[in-house]
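Undergrad: Going line by line, the protein sequences match chains A and B. Mapping of the first sequence onto this note's numbering: position 196 corresponds to residue 196, and the numbering continues sequentially without gaps. Mapping of the second sequence onto this note's numbering: position 277 corresponds to residue 277, and the numbering continues sequentially without gaps.
Calculated from the structure, these hints are not laboratory results. All of these numbers come straight from a predicted model, not from anything done at the bench.
No farther apart than 20 Å at their CA atoms in a straight line, the calculated lysine to any residue pairs in the SDA-like style are these:
(1) K262/B to Y208/A
(2) K262/B to W46/A
(3) K262/A to F328/B
(4) K310/A to R331/A
So these bits of chain B aren't anywhere near chain A, every CB distance computed over 10 Å:
(5) A26
(6) E27
(7) P28
(8) R30
(9) M52
(10) V62
(11) H69
(12) D101
(13) P136
(14) P183
(15) T237
(16) L238
(17) R338
(18) Y350
(19) P353
Over 10 Å on every C-beta distance to chain A, these chain B residues come out as not near it, computed from the model:
(20) D55
(21) A115
(22) R273
(23) D327
Yeah, the Cβ is synthetic: ideal placement off N, Cα and C, and Gly gets one too.
There are 2 protein chains.
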Amino acid sequence: MAPSRLVIDTDIHSSYDPRRIIDFLAEPWRTRYASGNQGPGNLGYWNPNGVMRPDAVTEDGVRVESNPHDLARHFLDPYGIEYGILNPERSLHIGLGTDPDFSAAIVAAINDMLATDWLPADPRYRASITVAPNDPELAAREIQRLAPNRGFVQVLMPSGARMPYGQRYFHPIYAAAVAHDLPLALHPGSEGVGISGAPTAAGYPTSYLEWHTGLIGSYMAHLISMVSEGVFVKFPTLKFVLLEGGAAWLPGLMWRFDKNWKALRIQTPWLERPPSEYIMEHVLLSTQPIEEPENPAELRAILGMFPAEKMLMFSSDFPHWDGDTPDFAARALPGGIRERVLSETARELYRLPAREATLVSGTNGAVVAGTGDE
Amino acid sequence: MAPSRLVIDTDIHSSYDPRRIIDFLAEPWRTRYASGNQGPGNLGYWNPNGVMRPDAVTEDGVRVESNPHDLARHFLDPYGIEYGILNPERSLHIGLGTDPDFSAAIVAAINDMLATDWLPADPRYRASITVAPNDPELAAREIQRLAPNRGFVQVLMPSGARMPYGQRYFHPIYAAAVAHDLPLALHPGSEGVGISGAPTAAGYPTSYLEWHTGLIGSYMAHLISMVSEGVFVKFPTLKFVLLEGGAAWLPGLMWRFDKNWKALRIQTPWLERPPSEYIMEHVLLSTQPIEEPENPAELRAILGMFPAEKMLMFSSDFPHWDGDTPDFAARALPGGIRERVLSETARELYRLPAREATLVSGTNGAVVAGTGDE
Numbered sequence: 001m002a003p004s005r006l007v008i009d010t011d012i013h014s015s016y017d018p019r020r021i022i023d024f025l026a027e028p029w030r031t032r033y034a035s036g037n038q039g040p041g042n043l044g045y046w047n048p049n050g051v052m053r054p055d056a057v058t059e060d061g062v063r064v065e066s067n068p069h070d071l072a073r074h075f076l077d078p079y080g081i082e083y084g085i086l087n088p089e090r091s092l093h094i095g096l097g098t099d100p101d102f103s104a105a106i107v108a109a110i111n112d113m114l115a116t117d118w119l120p121a122d123p124r125y126r127a128s129i130t131v132a133p134n135d136p137e138l139a140a141r142e143i144q145r146l147a148p149n150r151g152f153v154q155v156l157m158p159s160g161a162r163m164p165y166g167q168r169y170f171h172p173i174y175a176a177a178v179a180h181d182l183p184l185a186l187h188p189g190s191e192g193v194g195i196s197g198a199p200t201a202a203g204y205p206t207s208y209l210e211w212h213t214g215l216i217g218s219y220m221a222h223l224i225s226m227v228s229e230g231v232f233v234k235f236p237t238l239k240f241v242l243l244e245g246g247a248a249w250l251p252g253l254m255w256r257f258d259k260n261w262k263a264l265r266i267q268t269p270w271l272e273r274p275p276s277e278y279i280m281e282h283v284l285l286s287t288q289p290i291e292e293p294e295n296p297a298e299l300r301a302i303l304g305m306f307p308a309e310k311m312l313m314f315s316s317d318f319p320h321w322d323g324d325t326p327d328f329a330a331r332a333l334p335g336g337i338r339e340r341v342l343s344e345t346a347r348e349l350y351r352l353p354a355r356e357a358t359l360v361s362g363t364n365g366a367v368v369a370g371t372g373d374e
Numbered sequence: 001m002a003p004s005r006l007v008i009d010t011d012i013h014s015s016y017d018p019r020r021i022i023d024f025l026a027e028p029w030r031t032r033y034a035s036g037n038q039g040p041g042n043l044g045y046w047n048p049n050g051v052m053r054p055d056a057v058t059e060d061g062v063r064v065e066s067n068p069h070d071l072a073r074h075f076l077d078p079y080g081i082e083y084g085i086l087n088p089e090r091s092l093h094i095g096l097g098t099d100p101d102f103s104a105a106i107v108a109a110i111n112d113m114l115a116t117d118w119l120p121a122d123p124r125y126r127a128s129i130t131v132a133p134n135d136p137e138l139a140a141r142e143i144q145r146l147a148p149n150r151g152f153v154q155v156l157m158p159s160g161a162r163m164p165y166g167q168r169y170f171h172p173i174y175a176a177a178v179a180h181d182l183p184l185a186l187h188p189g190s191e192g193v194g195i196s197g198a199p200t201a202a203g204y205p206t207s208y209l210e211w212h213t214g215l216i217g218s219y220m221a222h223l224i225s226m227v228s229e230g231v232f233v234k235f236p237t238l239k240f241v242l243l244e245g246g247a248a249w250l251p252g253l254m255w256r257f258d259k260n261w262k263a264l265r266i267q268t269p270w271l272e273r274p275p276s277e278y279i280m281e282h283v284l285l286s287t288q289p290i291e292e293p294e295n296p297a298e299l300r301a302i303l304g305m306f307p308a309e310k311m312l313m314f315s316s317d318f319p320h321w322d323g324d325t326p327d328f329a330a331r332a333l334p335g336g337i338r339e340r341v342l343s344e345t346a347r348e349l350y351r352l353p354a355r356e357a358t359l360v361s362g363t364n365g366a367v368v369a370g371t372g373d374e
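Bound-form chain A, shown alone (with noise of 0.2 Å):
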């Protein structure tokens, strides 16, 4: 029997039906929706093994994402996962269409029907209040609409952005986030969709496996400046979630950015200290998908480059092509980390109480939930 390790897992993607968003929309949103225009649309990279997880269904054919008694037999319970922060599929993207009151009224559509359809379903559900950025000070309103329901953990955003982050554009964001004591996070997958411009820094690249690789540019120029913008010296509260973007690059980013600091300080006068400590206060990373050196040695020491017991989250993905299991990932992880990156860095984060963790049986390699007498 595999060993027992409680989960925490902070990135799942629930689905839904359009069909249903149409209930929480009003007119004429509801009528421009019901059209089939929903959003800025795909950017067209094409992922030849499709995105989702082709083995994510029931015994009767239905995608286990599609509600939360599916999701939560096929998923949470094999993997024993105490909470699993839903980000709902196509949300992000709608944060880059032209019209930012359609994109607030489907964001908050989408919102409401998690709030509905799924926390109620199941006491290991959280879920990110998906937010708008073409318009920060309506996003920082559906922010305040939703704080209230506790089932609602962190705010969440788009990294494919036109703007780097940092910028007072952004600000009515982030004071509301932290006025309701919710952190910040990003996911990508929208890189180069509607308003966002081109997904790397060369440009529109060919192909989808250029795009997901290089997908870790866009976090790297936000995260650089939400601390050069002093974002982190305004709202000193304030918690950056860096999701899916892996965690390889961060080490050697912190020293090029400290570097520079020492050297250019003069142009952010509002910094007291070098970057590097901004971040490892401020900034936390999911796992997935985690780096996989031929030597596994070699991700173990970037590891220990930062502190990771405290920057570093599980996230599966599920159910995406390149997810990663809550065993997969623990075998990749030093020993010494293993239980914080797997439960307790998100526990202490998101606030999530100790529960009674289900105890399962350890079928398909998963990863068994114990309650602490293993």
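Given the coordinates of chain A, work out where chain B should sit on it, guided by the hints.
TA: Here is chain B on its own, set in the frame of chain A:
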């Protein structure tokens, strides 16, 4: 006395008087350039230190990079530099102009100025052929025109770009480079200039600190593109040199790239091996600005995660604000690869014959070049 060693510097910036460029221009470019219309200009990010080292002046107050004899006496001599490769100031942005004929004319004039004023002046100088990638056929012709002058040892392009460099549009440049056995190098500084588009995947950052820290995003995007598009399969002898981009980001990018390729390789059927193998075979990096973690062992650990002994070459970036002197770089490098990084890898790449190096006194902490009998 400091230990003697050979040094080849792969990135020295000579300057020029724009009035001298006029001598090499035909009409109507001569009139246009003389009017002060000299290309797309820079982007307007401000380095508060100035980009040029203020101390790089002769006793008479002349900038040392402005003529070959002063540069040799004030930089090559004291550091015992056996060869220095010249990448002239204010040349890279020209390839991001809107008018490819004008761009081609200016870069040709700069190249002719180097061939006339610099290469004959000192046997230690070599130079890059700057080309304007906004018309690949004209760029290829410029390579063909200058390749017979063996003082030119590589082709140089800006890393600012509107399209990733692996795309077929650019292949005529690579065909010309390999036909003349010349490596292709990128150099930063033009991200966001002219037609290049935004300098990061998240748009235009605010400050030079941000812009400079994030430059590596452009490098990553070009590198991913070059490999993915099969440039190194189509041109198996092409070497690709990433100047001034640091090195610490490389291992993590190779891991991410290989992992994605395993799942998505149907999109790149021309790749017969994992992306990292093409990178390790075809790509070289220059050292400056070398990353400086608080714990130097961390940089050495990173340099052990790829074959730095054959991929990394010393560069000073002299006389720029953040340059590294040979002795500074030498101290950061593991002893086992130091000699190759400081000279031998560049000697092989650029086919630089061994010379009787100048033995000089080790003033100012300079590295002293010896003849081998130390």
